[in-house]
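Got chain W sorted already, so can you dock chain L onto it with the hints?
2 protein chains.
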Amino acid sequence: MESKKLGRQTVRFAHPPAIAGFGSAVGRKEREGPLGQCFDFASADDTFAQMSWEKAETAMQKQALSFALQRAGLTAEDLDYVFAGDLLNQCIATSYSLRAQNVPFFGLYGACSTMAEGLSLGAMLVEGGFARAVAAMTSSHFCSAERQYRSPLEYGGQKSPTAQWTATGAGAVILTRQGKGPFVTHVTTGKVVDKGICDTSNMGAAMAPAAYATLRAHLEETGRAPDFYDLIVTGDLGSLGKEILMDFFRQDGIDLTGRYEDCGVMLFDRKRQDVHAGASGCGCSAVVLTGHLLRQMGAGGPCRNLLFCGTGALHSPTSALQGESIPGICHAVAIAAEKGETL
Amino acid sequence: MESKKLGRQTVRFAHPPAIAGFGSAVGRKEREGPLGQCFDFASADDTFAQMSWEKAETAMQKQALSFALQRAGLTAEDLDYVFAGDLLNQCIATSYSLRAQNVPFFGLYGACSTMAEGLSLGAMLVEGGFARAVAAMTSSHFCSAERQYRSPLEYGGQKSPTAQWTATGAGAVILTRQGKGPFVTHVTTGKVVDKGICDTSNMGAAMAPAAYATLRAHLEETGRAPDFYDLIVTGDLGSLGKEILMDFFRQDGIDLTGRYEDCGVMLFDRKRQDVHAGASGCGCSAVVLTGHLLRQMGAGGPCRNLLFCGTGALHSPTSALQGESIPGICHAVAIAAEKGETL
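Each protein sequence line maps, in turn, to chains W and L. Residues in the first sequence are numbered from 158 upward in steps of one, following this note's numbering. Residues in the second sequence are numbered from 158 upward in steps of one, following this note's numbering.
Source of the hints: derived by calculation from the structure; they are not laboratory data. Incorrect hints may appear among the rest.
All copies of an identical chain are treated as equivalent in the list; a pair is satisfied when it fits inside any one copy or across any two copies.
[Said to hold, decoys possible] No more than 27 Å apart at the CA atoms, straight line, and that leaves these computed lysine-lysine pairs for BS3-like:
| # | residue 1 | residue 2 |
| --- | --- | --- |
| 1 | Lys428 | Lys316 |
| 2 | Lys337 | Lys496 |
| 3 | Lys316 | Lys352 |
| 4 | Lys162 | Lys337 |
| 5 | Lys496 | Lys162 |
| 6 | Lys496 | Lys161 |
| 7 | Lys337 | Lys161 |
Just chain W, same shape as in the assembly (with noise of 0.2 Å):
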């Protein structure tokens, strides 16, 4: 058999899955923000009718995949499998949310990263034959991630310039075999990237190496260059990532200006809404995708070539209170918005 590879890191679809649905939930801030009318459900309080910040959390989800189930025409049991996962401790959003579905589940770790970890999965799932019909979904809520990596929200700590605004917000993605699109073309997975920045509020830093990385690895196992697609956005590197990233390339010769933008800038209105560096979370870069970008895709959109980078921080307080560095991991996922632009 053929290897699919381009290079070390890119598959190559010969047979696009299709995004045949999508999905997203998200909190009262998400939904003040400019990209607030573009989500499917937005709960007034945040609570989502749920007792604790967590259950809010796996009820985000069930809402999104719910959304994304409906737009495809399907439902749970038409899924071959669910990939998933989230920021808390032992992904506890997800499995909770999972219990409640009679589908096969594949449970991820890939912090920020995961939207695009679980795309790059089912994708090659659905066009290897294992599947015809396949989820990606993720979630992060500011209050469950603030209570687990920072402080309780009654304390009312301060944050440094550079921290990022946990996104409140749930996606969910349906990948199946046929569809009328958008398609996924290429999957370009990373490796750990770790330049030895310590400080957690500092995560954009932390991360843009290793979104530095995979980008530079898809481009030159493609062959394509950047203004190929109408939009680059990785998912979160924040407002001083998203310039460090574009400080590398600079280095390189190349100009992103324009083309480029990053998810975690783009959710809140970083004037208005006091969110220092911008927002992150497994859920944000879901829900700019959900919400946002693949309405662009779709018949006579804006967007006809998306690339798509998922980028997390792969540490934890335990580790920074031993003073590692952190980790960072990118997945890049090019989105066409047509099948003949594939190849």
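The following block gives chain L in isolation, referenced to the frame of chain W:
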């Protein structure tokens, strides 16, 4: 393209990936157990010459992968993907162990089912033509797990008789497209199963229903009877969960006696080693597989057909404190010594 699925949960491989290498590293107590002489390396004091238990776990993973690669005659550069995860919050044992390896990485969270999950995904990517060689890897460490899930060691807390002892160990398996075997012939992917058990000191009871569900699905979808297999192993239900699983099958008129064992029961001598209901942790089934079971499948070995069923409990300390029950999952991987026996 024809689906490779048998029923809803099982994939049968037309070209079964080969297990080209396997490696294991364990702690002192595991070395002193009944399988002690099988492992590639044992640390005399469980520190693996590191300054923290978390870093010890990372060091153990690197050793296991190194032994597995050596046995396969490969280097990390030859791997298309590594599938790995562990029990620590944010899976840090894994992300730090792979920081040193120049290889595309998919992070998993499947609790103690991680080795089976990684083998399942790795085998699909190899058979699907996306990879020539992949690794599946996982670990657990008694001391890092106690600190995170229970009490600091210094506290000297008592355990209930139904509790299990987290194994200190890491295992890695290399799958390749070509090889002498043994071969991964089928994978059956689990669903989340939760029968309402809330006692985190009785994980065997929480996971046994998931193991039963996946085993039933595997047997039905493949049309095999349990006696097709020389050995069916779960990992890790412990002594109590093992009895519960055998009871479930007895109610179906099936007696698994003599054909079924649990990795949590095999790793330690419960009479001599004071481990209550047996071993647990991602590392337990990983080292029983890589230290003992796969050695039984070599040329002329006593085991020609093995069904390896990884079982994971998908709760967290937070979900337990919130009164939630413990969801379980089980992924089954069928391994045959010879290719001819697979279809």
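Checklist entry - When no copy is named, should Lys428 and Lys316 be tagged within, between, both, or neither for a Cα gap of at most 27 Å? => result The answer is within: 16 Å in one copy meets 27 Å, while 53 Å across copies does not.
Checklist entry - Is the C-alpha distance from Lys496 to Lys161 at most 27 Å within one copy, between copies, in both cases, or in neither? => result both (17 Å within a copy, 24 Å between copies)
Checklist entry - Taking 27 Å as the upper bound on the Cα-Cα distance, should Lys162 and Lys337 be classified as within, between, both, or neither? => result both (25 Å within a copy, 24 Å between copies)
Next on the checklist: I want to check one pair: Lys337 and Lys161. Are their C-alpha atoms no more than 27 Å apart within a copy, between two copies, both, or neither?
Outcome noted: both (23 Å within a copy, 23 Å between copies)
Checklist entry - Given a CA cutoff of 27 Å, do Lys496 and Lys162 count as a within-copy pair, a between-copy pair, both, or neither? => result both (19 Å within a copy, 26 Å between copies)
Next on the checklist: Within a copy, between copies, both or neither: which one fits Lys337 and Lys496 at a CA-CA cutoff of 27 Å?
Outcome noted: within (9 Å within a copy, 39 Å between copies)
Checklist entry - Within a copy, between copies, both or neither: where do Lys316 and Lys352 come within 27 Å Cα-Cα? => result within (23 Å within a copy, 42 Å between copies)
Going through the hint list in order, the structure satisfies each hint without exception.
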